[in-house]
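Student: What follows is each chain in one-letter form.
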Amino acid sequence: QKEVEQNSGPLSVPEGAIASLNCTYSDRGSQSFFWYRQYSGKSPELIMSIYSNGDKEDGRFTAQLNKASQYVSLLIRDSQPSDSATYLCAVIERRDDKIIFGKGTRLHILP
Amino acid sequence: GAVVSQHPSWVICKSGTSVKIECRSLDFQATTMFWYRQFPKQSLMLMATSNEGSKATYEQGVEKDKFLINHASLTLSTLTVTSAHPEDSSFYICSASVSTDTQYFGPGTRLTVL
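Protein chains in written order, with my numbering: chain A, 225 to 335; chain B, 13 to 126.
Simulated from the structure, these hints should not be mistaken for laboratory data.
Honestly, I wouldn't trust all of these hints.
Claimed, not checked - Here's a subset of chain A near chain B, in silico, CB distances under 8 Å, partners left out:
#, residue
1, 240
2, 244
3, 256
4, 271
5, 272
6, 318
7, 322
8, 323
9, 325
10, 326
11, 327
12, 328
Claimed, not checked - Derived, one-sided and incomplete: chain B residues facing chain A with beta-carbon distance under 8 Å:
#, residue
13, 56
14, 58
15, 94
16, 118
Glycine is no exception: its CB is placed at the ideal position from the N, C-alpha and C atoms.
Put together the whole structure using the sequences plus the hints.
Tutor: Rendered as structure tokens:
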């Protein structure tokens, strides 16, 4: 069964520090990877997408992908209280062409 | 950016009644719309995929006769929860897309069945 695994947290990080969120996936055929942020009671919003091995940076966010290890991560630099949310890792597996979401990691930025 | 709306944003209904949720893409035409359900502290679970003018494709374990999906146009899809029961209480989210890689989520509908 194809799965996307995340530590549910909560992950507590001091304001201004780097928050590191991790995700593993089970299907080696996966080709597209996404990080979504979801505030309580709201729908997810896309933060980053990554398709190739390595790092992709966008402002304070860096996504890292390692297909050999089936691992994708999200780094948030200079964490702000507004970054406190649940972060969902999502993966598209080529065969099904469906997006599979992890359960999310709750991030709490300590002021 | 692309905007997707959902209506209503929340609804409370009695057990046994039916509830219709609308999903609209406001400034683009979506070839495909997805319906998700999210229980508290759980992940988004895909319920069904609908394409304009054709029958929806339901995920395993989702009752197609209970969750009726109509995708009448490239900008509107509806989900009707028929004979709702308390266990159907959840957060229902739609997304509209032009490709699987690019999905725009609606704001969600909170359904509470008494």
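Student: Hint by hint, note whether the structure agrees.
Tutor: Status of each hint after checking the structure:
no. : hint : verdict
1   : 240  : 28 Å, violated
2   : 244  : 20 Å, violated
3   : 256  : 5 Å, holds
4   : 271  : 13 Å, violated
5   : 272  : 13 Å, violated
6   : 318  : 10 Å, violated
7   : 322  : 6 Å, holds
8   : 323  : 6 Å, holds
9   : 325  : 5 Å, holds
10  : 326  : 6 Å, holds
11  : 327  : 4 Å, holds
12  : 328  : 6 Å, holds
13  : 56   : 5 Å, holds
14  : 58   : 6 Å, holds
15  : 94   : 24 Å, violated
16  : 118  : 6 Å, holds
Violation of the numbered hints given earlier is confined to hints 1, 2, 4, 5, 6, 15; the remaining hints are satisfied by the structure.
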